[in-house]
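From first to last, the protein sequence lines stand for chains A and B. Each residue of the first sequence is one higher than the one before, starting from 1 at the first, in the working numbering. Each residue of the second sequence is one higher than the one before, starting from 1064 at the first, in the working numbering.
Derived from the structure by calculation, the hints contain no laboratory data. Check each hint, because a few of them may be wrong.
Said to hold, decoys possible - Derived BS3-like pairs: lysine-lysine, alpha-carbon spacing no greater than 25 Å straight-line:
#, chain 1, residue 1, chain 2, residue 2
1, A, 370, B, 1315
2, A, 175, B, 1247
3, A, 175, B, 1208
4, A, 654, B, 1208
5, A, 175, B, 1451
6, B, 1247, A, 53
7, B, 1208, B, 1234
8, B, 1451, A, 902
9, B, 1208, A, 147
10, A, 654, A, 53
Stated by the list, open to error - Partial list, computed: chain A residues near chain B (C-beta under 8 Å):
#, residue
11, 98
12, 100
13, 167
14, 382
15, 384
16, 385
17, 644
18, 665
What the hints assert, rightly or not - Anything over 12 Å on all C-beta distances counts as not near chain B; from chain A, calculated:
#, residue
19, 117
20, 165
21, 275
Beta carbons: idealized from backbone N, C-alpha and C, even for Gly.
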Amino acid sequence: MLVMDQWLRPARTLSISLVLFTELSVVAAEAAKEFHPFLQKHCAECHDEDVHKGGLRVDQLSLQHASPDLLVRLFDRIQTGEMPPKKADQPEPAIRQAFLAELGKTVVTKEAEVAGPSGRTLVRRMNRVEYEHTLRDLLALPLLRVKELLPEDGQQFGFDKVAGALDISHVQMTKYLQAADEALRQAVVNVATRPETKTWREPAMRQDSARAAIAQKCCVPLNGRELAPGLTSLVAGNPVEDYGNSYRAPSFSGDAESCAVLTGVIGAHQPEGIQIDRFHPTVPGWYRVRFSAWSLRWERTHAVAAVRGMVRSYTSLGLPFIKDAKGHWQATPLPPEKLTPKGTINYECMENVEFYGTGEVTHIIRASLKGEPLGYFDAPSLKPTLHEFKVWLNPGERVSFHVMTLPGSGAPGGGFSDGILDYDGPGVAYDWFEVEGPLVEQWPPESQRRLFGETPVGKYPRSPLAGAPTIIEGATTKLPLADCKGAGQMLGAERLLNLNGTTTITVNCAVAGEYEMAVAAFETHAGDEAAKMTLMVGDHEMSHARFSVDALRAGPKTFRAKFRVDSAGPVTVGVQYVNDFFDEKQTDPNLRDRNLFLANIEVTAPKPSPAAAVAAKPADPRGLLLAFGTRAFRRPVMAEEIAPYAAIAEAELKRGASFEEAMLAGYKAILCAPDFLFVGLESGVPKPGAVRLGDYALASRLSFFLWDSMPDETLLELAAKNTLSQPATLRAQVARMLADTRSERFIEHFLDEWLDLKKMDFTTPDPNLYPEFDPWLRHSMLAESRAYFRKLLTQNLGVRELVTSEKLLINQRLAELYGIRDVTGATLREVPLPAGSPRGGFLTQAAVLKVTANGTATSPVLRGLWVTERLLGIPRRPPPPNIPAIEPDATGAVTIRQMIEKHRADAACASCHAKMDPPGMALESFDVIGGWRDRYRLAGSPQKIRRGNESVEEPSVLVVSATTVGYRSRLKLRLGSEVDASGELSDGQKFADVNGLRALLLQDEDALARNVARQLMIYATGAGIRFSDRPAIEAIVARTKATRHGMRSIVQEVVASELFQTK
Amino acid sequence: MAHVAASALTRRTFLRAAGASLALPFLDAMRPAFAAELESPRRIIAICTNLGVLEKNFFPAETGRDYALTPYLETLKDFRNQFTVFSGTSHPDVTGGHSAEATFLTAAPQPGTASFRNSISLDQFAAERIGINTRVPALSLVVSKSGNQSLSFTSSGVMLPAERSPAQVFKALFVAGDAVSVEKQVEQLRTGRSILDSVAARAAALQKQLGSGDRERLDQYFTSVREVERRLLIAEEWERKPKPKVDVPVPKDGEYLLEKLGAMYDLAQLAFATDSTRLISILVKLDGFSEHIPGVGTESHNLSHHVGREDKLRELKNLELAQFQQLAALFKRLQSSKEGGATLLDRTQVLYGSNLGNGNNHDTKNMPMLLAGGGFKHGQHLAFDKQKNYPLPNLYVSMLQRLGIETEKFASSTGTMKGLEVF
């Protein structure tokens, strides 16, 4: 009974009871004979032929024939005491236990039958996230992107790691071929010599984008804190008094110490912001970028300390420019009297000093590459501050900089239509940019070594082409014109090209090196130019190989060009005729048709050199493939296993492919093999029956769990020694893997799926209702939740921290959203939770509140479902058919609460929604971007309404807009009805607000721990949790009790569990 | 105005193509292609706009032939007798809001649940039977801000990613490579096949040793590998066949909804007229679009959750009207392409609708649906019970049968579409 007892523990405390037992209608007729006495006595009254409540009939229920799923539902109802209902006669406890034990045993037997010899988990292909990470690690290409090439993966039990959802189609397979090809090509460099590392540095103001930003009136050149001289009008002769006219852009071509940017977005034409655009990377690689920046407040002609205050635009004053000696308009400081704003202010708007006060501001800069953030950096007031980061740049790529805290940091908008010299407001100055790179640790790079080791690519002899002429070292060989293919025809001893085209011939080059081709040719002249030809090797022109054949039959001329042969073997050379001409009106028939004649072609091979002799050492395709296969298959590989892949490479070589091409075909086959793509084959073919995983399979299960990728050498070494599965080793490895940066992938991927964070961009908050939503907030939200989970792991904090915490992990932007003062800067830091704050735990983090809302409105149903499903682990069931969904209405006529009440009225709805909706009601206090609200926001500005005899303004809220520029950056939004966040759980416990709900959720920490253990186990093993697996989950809950179910302890116990270690 | 070089080309292209195939090494896979193709081909294009269609602007109040045109149908008034509107239909047991995008053409029950598995889509079902006749068995296209979600699913329920770029599809269909690049392409296809051959052999060896559950997984892999090999072989043959010539420039991919949608519709007409394919699916994923649509300023998904607000409803109507105007343009283009004695519209079934009956509350019942052309007696509003919907898969059975495919069933169908007759 010991084992049975474990099932008898409550499986789910809040188990949802709505079940339509419809599948039961079809049950074997003989079942009636097995009518169980317990069911007969305690269930038949409501669930027989006449009544069959909920679609269930027990009079025909056979324990032997019913589906395990149905029996589990029976089990849970009876075990939790939900059935028989309270008002009915209750079975004796012992009888109830005995029946449950029988039921449990039946289910376990059935589940084992369903699983069959393959056991609980199945071998599965990698999902596309794992595929990408694995290729990155395998090929040492940390920034490889192939995920988007592959079709999206399916999901089961909430995760894209479950075998049943990871199907393979012909499309998937085609994409694997393509992705493998792309990845392998990126691993091989096309640069012959080690690139030199250089340091480049320039003033920010010299960048083209900075100069363009001046033309957009978003940027000012500074010397010290003053406007630098040299600002002119772009249009010659255009009076710069018209500076405010947007058609007449200012221009700056001189030098300045800094470039001060005054808006987050620099006009619709320059959404990429300020870029390092005068540095052009030519070699792909890692680069170190440094820059210096500081914050300021711009006051028309000069910078002062960055304090918040009035953002002002003045009517154009006209006078600051005078003509210089060259006739250019030059800026001069405004006379002091013009700086008195009295009477000349156009617009003004106070910055958010209510919240921030008037202390010094640190603005936040985001560096990005092709829209992907590289980092967020602080720019303190008037203090030039140096920042540094590393980035992988491909040729032509540029790093962009945006200020996230200036008005207009959201959607691309316009710059100031008024001049910067008529403007007071916040700004950020960039002093200079520096790029150092490419940072070369080794050459050839690691990625190429992983494929070719020390073998220099492209230097190996290829099989000669049978029948082709061979060109011997040091010798000159005359090629048979008659054997040329393609364009033209033989005319006597010469080859005639009378139409445009290429004639080619393939030769076997005996050695690698520099060759010379000599072509003796002449033309028949027509038109006003000579015949033109180009000498070709393969698809390419030889260097300096375009010739004008200004020679006639009487005296053919010889034209020479050189070409390189990287490896001995067949090479195709050719002559291309490009300017055929025929003039039918020409009276002289000899001047009518221009043709090219080839009289002789010779190729001269290089002289033998000692270097070539060294390079000609035969390569070892099998050895290279074996080494690669061993890593790719994550286990030792036998030489004979490599044979089919070697055969592919050899066939390619025979066909005349280069050594590199041939090997890549072999590697590609390895990357498409089931041994690479399928996880679970590492310890050989899994033996039928539930057995422990072999050490290699365990290594992969571990690494795909915590790194989303293949095991590293340490894990494989332990597997080779058969010691990985020892408990102490396993514990140490889990600790090591969590400390490794690759575990970020686990945090990101697990939270994406578990907490639905992957839905972050599914909806965009309505810019009319939530104008304050900006990219920095979006980024900060995700960063908070991920860093928070990292903290739970590192500090081994208990599951109660899922719903509550004493400290928040926030930056300035989140602090603003959460209403917490005095947090400055982009970096997340721990901040004590202010007394009475509604925040704490994942429950009230902005990311969670955002993904559970659409961009306009919140739904307590969806948020309630999130809490019950994701935090409490109660799976949802689809609503009964033909039930229309609630129609959202924000016209104010019906409140969400009123609509939700409908769920209670209908019994079919109530059985689920009574449990699902209430937690969502508590979260009504948070809007769609996770901000606190007492009242719902409505679109538009507040109107005057009559209250008694008075005309008063409707309630409103002042919001900082991320999308509008400068003085228009604060908007007043209408507020509607008050939020009521109170509710009652299905067991009758009441709460007044989210903190009330929090307290109720914390009553059962075991339930929270059980859910985390289940979610992690599904994620880690790629299979759902069955009834039979409940004891293992309960064991994890029990074993982590000492740490109050610390997050790291749960991860450790998941790995230690037999569920993790068996097939 | 783009037009195809020879308007009666389809027939001849087909004959030429057939001749060329006969001369090639005879492929088992290609054999069905030469059976009974006596008349010009029949085709299907299925279009799904993913955020619903406002019902009051779409469904006519009256049923039968004499219904009054609603604002959206008004845009199609020139074709009134060439389409049928369906109301009160939906896919049985399909719930789950946006996840029903995946089941628009498959009708697989319960998308969005943990245990959901999709099934084959209408276009792929047809492609398995008639796809062999054309360079591309079926084209899956998407109009979207990002991503390549599609309406097309294989028989194992796997999504076939859609093409987003009209320019790339155009190049694949109509821009011929020179002899050298064709040879190179063929060479690569061959290398691809030998790679697949080696891994298939490995999978076959593994399969023998595995337990049943694992074996099924490997079997799926093995089947896919063989399928790709077969396709590469066919691709090799097609690679050598001349591509049809069309004298229109390569289309621009565009950035905004309407130019993207227009380019896709133009491409569809070209692909049909040249008989490059006979099956096209287009998912119009509106999410994220708002720019350059007359009378629309708000992001589309946001608009679909109009929450009853007048301003949003107004914008939403403009968004949907613009899409119907594009549909009218497609009808017109198909109508003006002649093929034998008929028009392309006569030979093409155009299915248009949405997976959502109500975008505001994610309801999947009462899907807005419309079928044009393709050789049916049109001109009516077939209305069914709004409470207890009529199974939409029945329409798909009718469509497949009209295509010449002998099938009695598709997904959860219970028969053919009641009240829809063929010419």
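Verification of the hints:
Distance restraint check for residue 370 of chain A and residue 1315 of chain B: the Cα-Cα separation of roughly 22 Å lies within the 25 Å cut-off, and the hinted pair is therefore satisfied. For the hint linking residue 175 of chain A to residue 1247 of chain B, the alpha-carbon distance of about 19 Å falls within 25 Å, and the restraint holds. Between residue 175 of chain A and residue 1208 of chain B the alpha-carbon distance is near 22 Å, which keeps this suggested pair within the 25 Å criterion. Between residue 654 of chain A and residue 1208 of chain B the alpha-carbon distance is near 46 Å, which puts this suggested pair outside the 25 Å criterion.
Distance check on the hinted pair: residue 175 of chain A and residue 1451 of chain B sit about 42 Å apart at the alpha-carbon level, beyond 25 Å; violated. Taken as a hint, the residue 1247 of chain B and residue 53 of chain A pair is broken in the structure, with Cα atoms around 69 Å apart against an allowance of 25 Å. Taking the CA atoms of residue 1208 of chain B and residue 1234 of chain B, the gap is about 21 Å. The hint holds against a cut of 25 Å. A distance of roughly 21 Å separates the Cα atoms of residue 1451 of chain B and residue 902 of chain A; the hinted pair therefore holds under the 25 Å criterion.
The straight-line distance between the Cα atoms of residue 1208 of chain B and residue 147 of chain A is roughly 18 Å, inside the 25 Å bound, and the hint therefore holds. With a C-alpha separation of about 74 Å, the suggested pair residue 654 of chain A and residue 53 of chain A falls outside the 25 Å cut-off, and the hint is violated. Here the hint on residue 98 of chain A is broken, as its CB sits about 32 Å from the closest CB of chain B, past 8 Å. Because the closest C-beta pair between residue 100 of chain A and chain B is about 25 Å apart, greater than 8 Å, the hint is violated.
A hinted interface residue such as residue 167 of chain A counts as satisfied when its beta carbon comes closer than 8 Å to some beta carbon of chain B; here the least separation is about 5 Å, so the hint holds. With 8 Å as the threshold, the beta carbon of residue 382 of chain A stays out of range of chain B, its nearest partner Cβ sitting at about 40 Å, so the hint is violated. Taking 8 Å as the C-beta contact cut-off toward chain B, the hint placing residue 384 of chain A at the interface is violated, the least distance being around 39 Å. Violation of the interface hint for residue 385 of chain A is found here, the shortest Cβ-Cβ separation to chain B being roughly 36 Å, above the 8 Å cut-off.
The interface hint given for residue 644 of chain A is met, as the beta carbon of that residue sits about 4 Å from the closest beta carbon of chain B, less than 8 Å. Look at residue 665 of chain A: its Cβ gets to within about 5 Å of chain B, closer than 8 Å, so that hint holds up. A cut-off of 12 Å between C-beta atoms contradicts the statement that residue 117 of chain A is not in contact with chain B; the least separation is 4 Å. At the 12 Å boundary, the C-beta of residue 165 of chain A falls inside the reach of chain B, the nearest C-beta of that chain being 8 Å off.
The Cβ of residue 275 of chain A sits about 21 Å from the closest Cβ of chain B, beyond the 12 Å cut-off, so the non-interface label holds.
Violated hints, listed in ascending order, are 4, 5, 6, 10, 11, 12, 14, 15, 16, 19, 20; each of the other numbered hints is respected by the structure.
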